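S.K.: Residue numbers (the numbering used here), protein chains in the order written: chain U, 1 to 302; chain X, 1 to 370.
Hints are computed from structural coordinates only; laboratory data are not their basis. One or more hints might be untrue.
What the hints assert, rightly or not - Just the calculated beta-carbon pair ranges, DEER-fashion:
1) Glu-194(U) to Phe-189(X): 34 to 42 Å
2) Ala-34(U) to Ser-61(X): 42 to 50 Å
3) Val-128(X) to Thr-171(U): 45 to 53 Å
4) Gly-134(X) to Ser-76(U): 53 to 61 Å
5) Phe-189(X) to Leu-31(U): 43 to 51 Å
6) Asp-318(X) to Glu-194(U): 53 to 61 Å
7) Asp-188(X) to Leu-125(U): 42 to 50 Å
What the hints assert, rightly or not - Away from chain X, derived, C-beta distances all over 10 Å, residues of chain U:
8) Val-40
9) Val-42
10) Tyr-59
11) Thr-67
12) Leu-88
13) Pro-127
14) Arg-154
15) Gly-157
16) Leu-187
17) Leu-200
18) Pro-221
19) Gly-250
20) Leu-251
It should be emphasised that the depicted structure is a prediction, and the values quoted were computed from it without experimental measurement. We put the beta carbon where it would ideally sit given N, CA and C, even for glycine.
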Amino acid sequence: MTAAVGSPATSGIATRPRTGLPAWVGRTFQLAPALVWIAVLVLVPNLFLLLYSFWTSSYGVVVPELTTANYTALFSSEVFWILLRRTLVIALVSAALATVIAYAAAYVIVRRFGRYKLLAALLILIPLWVSYLMRVFAWKIILGDNGFLAGVLRTLGFGPDATSLFLYSQTSMIITLTYVAIPYAFLSTYTALERVPPHLLEAAADCGAGAWTRFRTVILPLTRPGAAVGFAIAFVLVFGDYVTPAMVGGLDGTMLGTLVLQQFGPGSDWAGGSAVGITIIATGLLLLAVISLFTRLEARLD
Amino acid sequence: MPAETISPAEAQSTPEAAGASPPVVELRQVRKVYPGTAHPAVDDVSIIINEGEFFSILGSSGSGKTTTLRMIAGFEQPTGGQVLLSGVDVSGVPANHRDVNTVFQNYALFPHMKVRANVAYPLKMKRVSRAEIGPRVQEALERVDMASYADRLPHQLSGGQRQRIALARALVGRPRLLLLDEPLGALDFKLRESMLGLLKRLQREVGITFVYVTHDQGEALAMSDKVAVMSKGRVEQIGTPQEIYRVPATSFVAGFIGKTNLLRCQAAGPTSARSGSMRFATSSACSQGTFSVSVRPEAIVVGDDARSCANHFSGVVDDVAFLGHVYELQAVVGDQRLTLRVDEFNGARGDVIDIGWSAEATVVVEEAGP
Chain U
1 MTAAVGSPAT SGIATRPRTG LPAWVGRTFQ LAPALVWIAV LVLVPNLFLL
51 LYSFWTSSYG VVVPELTTAN YTALFSSEVF WILLRRTLVI ALVSAALATV
101 IAYAAAYVIV RRFGRYKLLA ALLILIPLWV SYLMRVFAWK IILGDNGFLA
151 GVLRTLGFGP DATSLFLYSQ TSMIITLTYV AIPYAFLSTY TALERVPPHL
201 LEAAADCGAG AWTRFRTVIL PLTRPGAAVG FAIAFVLVFG DYVTPAMVGG
251 LDGTMLGTLV LQQFGPGSDW AGGSAVGITI IATGLLLLAV ISLFTRLEAR
301 LD
Chain X
1 MPAETISPAE AQSTPEAAGA SPPVVELRQV RKVYPGTAHP AVDDVSIIIN
51 EGEFFSILGS SGSGKTTTLR MIAGFEQPTG GQVLLSGVDV SGVPANHRDV
101 NTVFQNYALF PHMKVRANVA YPLKMKRVSR AEIGPRVQEA LERVDMASYA
151 DRLPHQLSGG QRQRIALARA LVGRPRLLLL DEPLGALDFK LRESMLGLLK
201 RLQREVGITF VYVTHDQGEA LAMSDKVAVM SKGRVEQIGT PQEIYRVPAT
251 SFVAGFIGKT NLLRCQAAGP TSARSGSMRF ATSSACSQGT FSVSVRPEAI
301 VVGDDARSCA NHFSGVVDDV AFLGHVYELQ AVVGDQRLTL RVDEFNGARG
351 DVIDIGWSAE ATVVVEEAGP
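Same shape as in the complex, but just chain X (with noise of 0.2 Å):
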């Protein structure tokens, strides 16, 4: 029943949104409990979308990123809290009378249509009429670069190709919301790239607001405009690649987005810290008692440079690995093992060698969930 769905136009503002439009999706305190479970799947998780943002969810499996997902697309209904697609409370509102469209994991195209059906399919819910709904599935379909595969059934297709389809059929509506529910996730490596590409440029044409969810820090930090990361159910951290990246707010998101130096420290004073028999500045403010702190691997410098830098120590090089476009090191300070990363390396197992970084590179980091 179009109707019923929820359309821009009926979208009533709450009262602290008056003025400017509602975020796309809010989330507000929302939990929930699968029956005959102990744990909530999803626990009090608040995410405000806005439009046209490239909003990914990562986190490892069991982290609630899917059950998340689902919540918004009204496969499942929360235990508690408010889900709002354009300020209004979706709750109860089934998932065919959202303005919301889902591509797969494993695809979902109906088996028993040809390509062409399986796109019209959203028109024709829609009640879109039989004269426009040819030149829009034609148009989703060269979107995607598949055109030329209208006739096909789905299992006549490989992975990557059936994936374009689903994206053609969840676009073709136009729907004011996009839910990538690990889209790439049964492809291989080269078919992923190609993908991610795609994904990037349709978001980019047609302007809808996509989520997407993901294990894969990487897909998470290339494609988004903001980031929330998940484990256990909660969100560990929301804010820009850059953000999540350079300042984590736990140690968790630090140890899960890249490779990182967690260091356990006890306050020193107000902006230093230490570690064993290390002591050094840190970015901000140490709290009480224990607490970690973040050094990425690339932020670590050594030689010459590494004298002039706040934190200054002498280590002996423990291992050493070309990876092609950086050698990673590890080095052993005191009683430490720290991993670095450099451009150029020309010592040898054994040396020692000059390390340090900056106090900006040296992030506090709480210590994640309880």
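Next comes chain U alone, as it looks inside the complex (with noise of 0.2 Å):
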């Protein structure tokens, strides 16, 4: 370098000169489509959901009036209680339910189906084109009264008593949330799944390992964060949900979704719904926060 070169302060490669603004400008301009987003679709509805819970309703008016009433009323109430039990325990069966079908559905297609696996993954997440209501109502047909499963056990000679066993219990409402909740928990499985190398399995063979030790030393292991992420949103798809209970549960299949409408609708207590929403939403954070404890991967897939 000769000193015709412009002057040494400016021309070196690591002294860029830099004009403009501040770099944290650029990021947040970045950042500000996705902040947006979260702050009205997210943020605020929920802000206003839980000052709605501290407020009261006066003759279907909401007042503002900070109060822990709504709250109380809830917590004191043994309806409150049967209902989140009642809800707990569907949402956790038909999660776990669909969770370990997905995944023994992810397993086969991974597994054994080679290039047509994507087909038959798509196969799986087909049901998601159709509307919620349509796959629910599809359920209702099957296991009502003139459905196909009382069908089956009406023409093997049972009586009226076994064709009105299933629609409107809490067994209908396990099967119907189950089969709705398998594509979602199928979506973190199969890509879990997808993505042990196959070359771990062949180690494992190498060292004396058999199919099921296989399965049980690595492949188990290696996907179980992602199982725990598809059981997650699976509950949570399930636990809050309304549609599915007004249509197949009848009395004994009321969740606590079926409150938080009631209260919105016919009560008229938009106040004491959202109490029942923010209950809703904290149950289930705190389930995801358990969750995120056994998700943890330290490995890296390499």
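Both chains are given apart, each in its own frame, so use the hints to dock them into the complex.
M.R.: Take a look at the structure:
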């Protein structure tokens, strides 16, 4: 380098002169769409819900007076605790069932379908293209008095007691919600299984591990976080549901979501409904926190 | 199920090998055709690997060397022929029932297990008692100088360190046979050197038969007791590194192993051949028709030494390259262009020099494949 080529202070590669705004302005600008999205569609509505749950309803009108009366009333009501317990049981059972079924399906598809696995995965996800209401309604038909299952039992010679076994019960709720949750649980379990490198299974076999041991010691530990995420998605989806209880639940199948609907709708108690809503959200977050303890994967797949 | 593992005690000797212990590995006319492909990946491969040998399978990518290894390991089943381990036909025996361990090119360490658990894994599968596992893992880690890394996870290690752990995991179960699938392929040059030393030392210490797959002829020559050179699914030649280098059976082998001058010739006598205007004595009988001879660059001498050689020509220097330990010259003799390596050279491009080599250095090779 000779002195003729510009002054040393400004010509170095590392010291390219910076002009204009500080860096954080640019970063914020790039993030802006996401921030606006989160603020408008997530933060603000939930803050309103939280606020409403501490206000009072008077003849169907929300009065901005801070009070914990909604929660006191809710937690002292026996019905709430029954519904909470039932909702938890239904949601946990159907989310667990959905995760197990989705995991098994994803396992078979990833390990056995070879080049057709993407097509098979798509087939599992296709029900999502159909309206939620339609899918639940389909189960109402299958489970109903004149439905497929009842018809089978009738041809087998069972009386009217047996034909009304299915619909409007917790069983019908669990069946329907499991079905609804499967595609969601499938997405994350499929991704997790797909990411397990095949050479690890060869290495395990090489070390003397049989098929079951390979699954237990290699596949399962590496896919457990994915399965946990699938379970969490299924649980959150099912926990706040109100459509399925309304259609196939009957009295025995009433859930917390139904309560929210009633409070906001016929009950005209928006404040009380908000309290139930907040309770649902809080329970869901609590469960997600617990699950996240199991989703941490120390290993890095390469 | 340890009981089904092929162990030396159960090994039944084949009739033809009665008396002597059967070879650790024997491939008989093994053939492998992958579904949906027209050409076999491995075709009519017969190899015998004896106890304690360091055996290399050398070939470029697509030569079928890795497929051959995978059939020995049990990851692939041959389409035809037989694979025998210690004299026992292992057709249909899955990898987990073979007393064979593999070191994979991409290490294949279990990412969710610490180094200690990775190395202990084969022992757990063999249902070795807990009290014995600890010391044996420790010993295996010490062998590869990785004892202080026992509590790390694989992603916290460098490539060379991971490969050492993979080696420890493969050796800890004391298999009869260790398969290495291009174990140094992903390592840089310096690491490769030190790993080569480690591998050779380990093999000497543990006395296990090694089958080493590589595309690097330098590695294969330096490490092996025997080398099988593969090309297009077939074995071109099996022999000691010296045989492979000095007496290549085919022009493919001659060209693949080191640098050589391949001259197309016709027979001009019982042990003499003609190539263009050159006529020279050969090491062995010349076949009829057209064939090739291989002359290694370092077998060629120049100057006064050349005049006493069986094959003596005069050539024009076309290029001189100084490689550090030798000079590499390009010389034109008649219509042929020869590469030669000499320790000292003081001439320049355009000089006329005497060039010569012995009859022994003129190796007749077959044409490679159809």
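S.K.: All hints are to be evaluated individually against the structure, with a verdict given for each.
M.R.: Against the structure, the hints come out as follows:
1. Glu-194(U) to Phe-189(X): 34 to 42 Å: 35 Å, holds
2. Ala-34(U) to Ser-61(X): 42 to 50 Å: Cβ of Ala-34(U) to Cβ of Ser-61(X): about 45 Å, so the range 42 to 50 Å holds.
3. Val-128(X) to Thr-171(U): 45 to 53 Å: 49 Å, holds
4. Gly-134(X) to Ser-76(U): 53 to 61 Å: 58 Å, holds
5. Phe-189(X) to Leu-31(U): 43 to 51 Å: 44 Å, holds
6. Asp-318(X) to Glu-194(U): 53 to 61 Å: 57 Å, holds
7. Asp-188(X) to Leu-125(U): 42 to 50 Å: Given about 44 Å between the Cβ atoms, the range holds.
8. Val-40: Label holds. Min Cβ-Cβ 40 Å, cutoff 10 Å.
9. Val-42: 34 Å, holds
10. Tyr-59: 60 Å, holds
11. Thr-67: 51 Å, holds
12. Leu-88: 31 Å, holds
13. Pro-127: Non-interface label stands for Pro-127(U): nearest chain X Cβ at 33 Å, farther than 10 Å.
14. Arg-154: 49 Å, holds
15. Gly-157: Fine: 49 Å to the nearest Cβ keeps Gly-157(U) off the interface.
16. Leu-187: At roughly 22 Å from the nearest Cβ of chain X, Leu-187(U) sits farther out than 10 Å, so the non-interface label holds.
17. Leu-200: 6 Å, violated
18. Pro-221: Violated: least Cβ distance 5 Å, not greater than 10 Å.
19. Gly-250: Holds, because the least Cβ-Cβ distance between Gly-250(U) and chain X comes to about 45 Å, which exceeds 10 Å.
20. Leu-251: 47 Å, holds
When held up to the earlier numbered hints, the structure conflicts with 17, 18 and fits the remainder.
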